[in-house]
Amino acid sequence: MKQFLYPSHIGDLKTALAEAFEIKHDRYKYESLGHHKTALLIFFNNSLRTRLSTQKAALNLGMNVIVLDINQGAWKLETERGVVMNGDKSEHLLEAVPVMSNYCDIIGVRTFARFENRTDDYTEQILRQFIEHSGKPVFSMESATVHPLQAFADLITIEEHRAKNRRPRVVMTWAPHPKALPQAVPNSFAQWMLAADVDFVYTCPEGYELDPQFVGDLKPIYNQKEALKDADFVYAKNWSCPGVTRPQEYGKVLSTDMSWMVDKAHMDLTNNACFMHCLPVRRNMIVSDDVIESPRSLVIAEAANREISATVVLKRMIETL
Amino acid sequence: MKQFLYPSHIGDLKTALAEAFEIKHDRYKYESLGHHKTALLIFFNNSLRTRLSTQKAALNLGMNVIVLDINQGAWKLETERGVVMNGDKSEHLLEAVPVMSNYCDIIGVRTFARFENRTDDYTEQILRQFIEHSGKPVFSMESATVHPLQAFADLITIEEHRAKNRRPRVVMTWAPHPKALPQAVPNSFAQWMLAADVDFVYTCPEGYELDPQFVGDLKPIYNQKEALKDADFVYAKNWSCPGVTRPQEYGKVLSTDMSWMVDKAHMDLTNNACFMHCLPVRRNMIVSDDVIESPRSLVIAEAANREISATVVLKRMIETL
Amino acid sequence: MKQFLYPSHIGDLKTALAEAFEIKHDRYKYESLGHHKTALLIFFNNSLRTRLSTQKAALNLGMNVIVLDINQGAWKLETERGVVMNGDKSEHLLEAVPVMSNYCDIIGVRTFARFENRTDDYTEQILRQFIEHSGKPVFSMESATVHPLQAFADLITIEEHRAKNRRPRVVMTWAPHPKALPQAVPNSFAQWMLAADVDFVYTCPEGYELDPQFVGDLKPIYNQKEALKDADFVYAKNWSCPGVTRPQEYGKVLSTDMSWMVDKAHMDLTNNACFMHCLPVRRNMIVSDDVIESPRSLVIAEAANREISATVVLKRMIETL
Numbered sequence: 086m087k088q089f090l091y092p093s094h095i096g097d098l099k100t101a102l103a104e105a106f107e108i109k110h111d112r113y114k115y116e117s118l119g120h121h122k123t124a125l126l127i128f129f130n131n132s133l134r135t136r137l138s139t140q141k142a143a144l145n146l147g148m149n150v151i152v153l154d155i156n157q158g159a160w161k162l163e164t165e166r167g168v169v170m171n172g173d174k175s176e177h178l179l180e181a182v183p184v185m186s187n188y189c190d191i192i193g194v195r196t197f198a199r200f201e202n203r204t205d206d207y208t209e210q211i212l213r214q215f216i217e218h219s220g221k222p223v224f225s226m227e228s229a230t231v232h233p234l235q236a237f238a239d240l241i242t243i244e245e246h247r248a249k250n251r252r253p254r255v256v257m258t259w260a261p262h263p264k265a266l267p268q269a270v271p272n273s274f275a276q277w278m279l280a281a282d283v284d285f286v287y288t289c290p291e292g293y294e295l296d297p298q299f300v301g302d303l304k305p306i307y308n309q310k311e312a313l314k315d316a317d318f319v320y321a322k323n324w325s326c327p328g329v330t331r332p333q334e335y336g337k338v339l340s341t342d343m344s345w346m347v348d349k350a351h352m353d354l355t356n357n358a359c360f361m362h363c364l365p366v367r368r369n370m371i372v373s374d375d376v377i378e379s380p381r382s383l384v385i386a387e388a389a390n391r392e393i394s395a396t397v398v399l400k401r402m403i404e405t406l
Numbered sequence: 086m087k088q089f090l091y092p093s094h095i096g097d098l099k100t101a102l103a104e105a106f107e108i109k110h111d112r113y114k115y116e117s118l119g120h121h122k123t124a125l126l127i128f129f130n131n132s133l134r135t136r137l138s139t140q141k142a143a144l145n146l147g148m149n150v151i152v153l154d155i156n157q158g159a160w161k162l163e164t165e166r167g168v169v170m171n172g173d174k175s176e177h178l179l180e181a182v183p184v185m186s187n188y189c190d191i192i193g194v195r196t197f198a199r200f201e202n203r204t205d206d207y208t209e210q211i212l213r214q215f216i217e218h219s220g221k222p223v224f225s226m227e228s229a230t231v232h233p234l235q236a237f238a239d240l241i242t243i244e245e246h247r248a249k250n251r252r253p254r255v256v257m258t259w260a261p262h263p264k265a266l267p268q269a270v271p272n273s274f275a276q277w278m279l280a281a282d283v284d285f286v287y288t289c290p291e292g293y294e295l296d297p298q299f300v301g302d303l304k305p306i307y308n309q310k311e312a313l314k315d316a317d318f319v320y321a322k323n324w325s326c327p328g329v330t331r332p333q334e335y336g337k338v339l340s341t342d343m344s345w346m347v348d349k350a351h352m353d354l355t356n357n358a359c360f361m362h363c364l365p366v367r368r369n370m371i372v373s374d375d376v377i378e379s380p381r382s383l384v385i386a387e388a389a390n391r392e393i394s395a396t397v398v399l400k401r402m403i404e405t406l
Numbered sequence: 086m087k088q089f090l091y092p093s094h095i096g097d098l099k100t101a102l103a104e105a106f107e108i109k110h111d112r113y114k115y116e117s118l119g120h121h122k123t124a125l126l127i128f129f130n131n132s133l134r135t136r137l138s139t140q141k142a143a144l145n146l147g148m149n150v151i152v153l154d155i156n157q158g159a160w161k162l163e164t165e166r167g168v169v170m171n172g173d174k175s176e177h178l179l180e181a182v183p184v185m186s187n188y189c190d191i192i193g194v195r196t197f198a199r200f201e202n203r204t205d206d207y208t209e210q211i212l213r214q215f216i217e218h219s220g221k222p223v224f225s226m227e228s229a230t231v232h233p234l235q236a237f238a239d240l241i242t243i244e245e246h247r248a249k250n251r252r253p254r255v256v257m258t259w260a261p262h263p264k265a266l267p268q269a270v271p272n273s274f275a276q277w278m279l280a281a282d283v284d285f286v287y288t289c290p291e292g293y294e295l296d297p298q299f300v301g302d303l304k305p306i307y308n309q310k311e312a313l314k315d316a317d318f319v320y321a322k323n324w325s326c327p328g329v330t331r332p333q334e335y336g337k338v339l340s341t342d343m344s345w346m347v348d349k350a351h352m353d354l355t356n357n358a359c360f361m362h363c364l365p366v367r368r369n370m371i372v373s374d375d376v377i378e379s380p381r382s383l384v385i386a387e388a389a390n391r392e393i394s395a396t397v398v399l400k401r402m403i404e405t406l
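If you're matching them up, the sequences are chains E, C and Z in order. Per my numbering, the very first residue in the first sequence carries number 86; after that it's consecutive. Per my numbering, the very first residue in the second sequence carries number 86; after that it's consecutive. Per my numbering, the very first residue in the third sequence carries number 86; after that it's consecutive.
With the rest of the complex left out, here is chain E:
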């Protein structure tokens, strides 16, 4: 596996799930695989779960790990080509990427959407430079449009908690948030669910429709309560306007309607659904205290599976070195 952004990169999801459970059963099983291999984890943005779980995954595989916080201890990188670099950025990504790739075997990159330019974000401008210029396998640790380690972990979690005798109904619902957030998590979750053996729908206010690149021709259900009916899994998440129909609204907060917050009344509409969220979560904005603390909440289990999804991905990448 030379890059990891989309479910297609990991191939058959049933095989990937089987590998995940094998590793979860014995997380050091492939410890010899990473001998003399170095993972470089590059953070352009903050991280808690990804930072910890990906380090742990690399250690599970016996790899060396080097963590680099760009903008903290390194310096600002220019990403535009052809500029006279007389400002505050002292190095160009065109040098920095091949340089960094010298010292490692596999590269993980966290680089959030900047909301300056929809095209830059939706072409994964920065991650693409790593893929093109590093010569090394590159995986997204949440990039401008995707968060595949999270979506894969979510899939593992659903597989662990689904009723075995029927196809689960998975409902992703938009929820309010005080700041403009990227679409990386909903994009990936939708894309992975549509590739998996589940029934998937999503619900959001008008204007929040996700990009067809991730949802194909699936349309949202605008009535949240209708969407939640019979749900086995409720996946809550805020995202800002994806700008599919009105690009000028890309990255804007179009609604702060608190009636979309997932509380007990919402969960009562479901088929005794499990509650899911990728974390970090704003309590009493996205979800009420009682729902996130209920026995049906899987948020901690999802986070725990981040170690597992990252171990599978790193293992696959080592195998192709």
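Treat the hints with care, since some could be wrong.
One copy or any two copies: either way a pair holds, since identical chains are not told apart in the list.
To be verified - Cross-link-like lysine-lysine pairs, in silico, DSSO-like; alpha carbons within 27 Å at most: (1) K109 - K349; (2) K174 - K349; (3) K114 - K221; (4) K304 - K314; (5) K161 - K337; (6) K99 - K349; (7) K109 - K99; (8) K109 - K400; (9) K174 - K161; (10) K249 - K314; (11) K122 - K400; (12) K99 - K114; (13) K161 - K264; (14) K349 - K114.
Read the hints as simulated data drawn from the structure, not as lab findings.
Given chain E, put chains C and Z in place with the hints provided.
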């Protein structure tokens, strides 16, 4: 050992000291013990000695180590329950703690007193959340009221430098400082000395009396010069008002009396005492250049023993996993 | 090797080069050498290449590595002796250095010129305190006046790309830059080239003459175009005024003459020279896009050799422990 805040947690101090010297003699002796074990060191506050010595201790035991600086590379954590999280804190400790505990076997936490609310500090509000919600052994790397790795290292240092034929007199003295400092170090030092085989007294200006939780019914000697008489060890430290008698003064600087600075005239009152300080130290505020640079100064030896105390603590915690 | 600042510290350069190529051929060859040895890498300033390549070098040798960012996660250190520490610096380097040395076997330090006082910079005030007070081998990861890991990597790169049948002509040229930069890289590059088996000259505007400590009695060629004639290697670099003739101009930007930028017209004057730069580089200030992207550009190769030079240096230091 499931938590480490107080001397009672490590049990018999003579046994602990014997273990410390065994490890100091051969610091990699228990290297196989930490195989496949991960220590997560979480810093809410700055650290030099603790950061380095605890990493080294974990490496001595063959552990993997992951260092996390909250507020640098992670994000601000909400600690109050029930709030609507619409401000600058994007994750609640109630999620963050169990999440972080997923990726490790043992957790160290540095979290200073905030001086906003005496009760919050003196109930170790943040550290307690780790103890209650992580399901993993948790040790203080200096928390709101205690710094047990330092006190244990100080005890090791005293044991190395005491006359063998008699019980040493250990005198802790308050000293001036430009900023309001927590009571963690004096609390722990007093608590450990009172549990150890030494004669312990402390001296401070009025209003600086330590909390009975740590000193029992021991009262300070308000006359510094009288207290220093016959001292074998002088332990200097600044702390702000513990607020025992007047809670409204908690965390305040009540005195900046420079006559309390430990200089040669002060040391001349003692029984040719060793000088001790936990570091970092403000020279020519807490202690004069000549005293800290004298052959009787143990400050570097104390810091060196931080590796040893941390190795003993991690070893004990691994043994109970 | 107890310190590493100058080519003299590594001894015969042909031997050092042979060792470098041996390690480049098999970078884990000496992996057992670093067993139970800890490298402490201390950064007072930002770093990308040095941070990554030196970590990788230590891992090549089987060492444990601890990275410490002073001012990020630690605290500000006082470096002047005798002061009353009542300001923002809470620890003195006189304590911090021996403390930090307790937890490691070898120390690397990055500490840039501060431009406050030429004497402080040119006596390597901070690095000297580590050398004098740590009791451990200390190497510069770029300090006030030198960057020897870079110069050694540059030498390795030149050796790899030189014509074998004749002594190469190596020309270092000053180039414009928007900010005042230290002289560490040009000082070390000149010093290493003068010690190596090459013909070395350098060219710069008047006032930019390097300190005789590094260039002996070599004078610059003030006419850049004349200097570039017949060059086999062009090494571009900005530096601020070294203050050799007029100390009051130390650290000042004396010229921003864009005609010194290395572009194709400049390279056409050479003997089809290779282009070199230590990175980070300001594109279209120091060098044009086409020159740095040309097949004759060695900038990525130089960076790759940073891992090799650092591995040789750490290996030599381990051997003298």
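Against the structure, the hints come out as follows:
1. With identical chains, the CA atoms of K109 and K349 are never at most 27 Å apart, being 32 Å at best within one copy and 56 Å at best between copies.
2. Taking identical chains as interchangeable, the C-alpha atoms of K174 and K349 lie at most 27 Å apart only when they sit on different chains, with a minimum of 24 Å there against 49 Å within one chain.
3. In the homo-oligomer, the alpha carbons of K114 and K221 lie at most 27 Å apart both inside one protomer (24 Å) and across protomers (23 Å), since each shortest distance falls under that limit.
4. Within a single copy, K304 and K314 get their C-alpha atoms as close as 17 Å, which meets the 27 Å cut-off; across copies the closest is 67 Å, which misses it.
5. Both within a single protomer and between protomers do K161 and K337 lie at most 27 Å apart by alpha-carbon distance, with minima of 26 Å and 23 Å respectively.
6. Taking CA atoms no more than 27 Å apart as the test, K99 paired with K349 passes in neither setting, with 33 Å inside one copy and 55 Å between copies.
7. Proximity of K109 to K99 under the C-alpha cut-off of 27 Å is restricted to the intra-copy arrangement: shortest distance 15 Å within a copy versus 42 Å between copies.
8. For the identical chains of this complex, K109 and K400 are neighbours both inside a copy (13 Å) and across copies (26 Å), given an alpha-carbon limit of 27 Å.
9. Proximity of K174 to K161 under the C-alpha cut-off of 27 Å is found in both arrangements, the shortest distances being 5 Å within a copy and 25 Å between copies.
10. Taking CA atoms no more than 27 Å apart as the test, K249 paired with K314 passes inside one copy only; the shortest distance there is 20 Å, against 77 Å between copies.
11. For a Cα distance limit of 27 Å, the shortest separation of K122 from K400 qualifies both inside one copy, at 11 Å, and across copies, at 20 Å.
12. When the C-alpha separation of K99 and K114 is checked against a cutoff of 27 Å, the pair qualifies only within one copy, where the shortest distance is 20 Å, while the shortest distance between copies is 41 Å.
13. Taking the shortest alpha-carbon separations for K161 and K264, both the intra-copy value of 24 Å and the inter-copy value of 15 Å come in at or below 27 Å.
14. For the identical chains of this complex, K349 and K114 are neighbours neither inside a copy (41 Å) nor across copies (54 Å), given an alpha-carbon limit of 27 Å.
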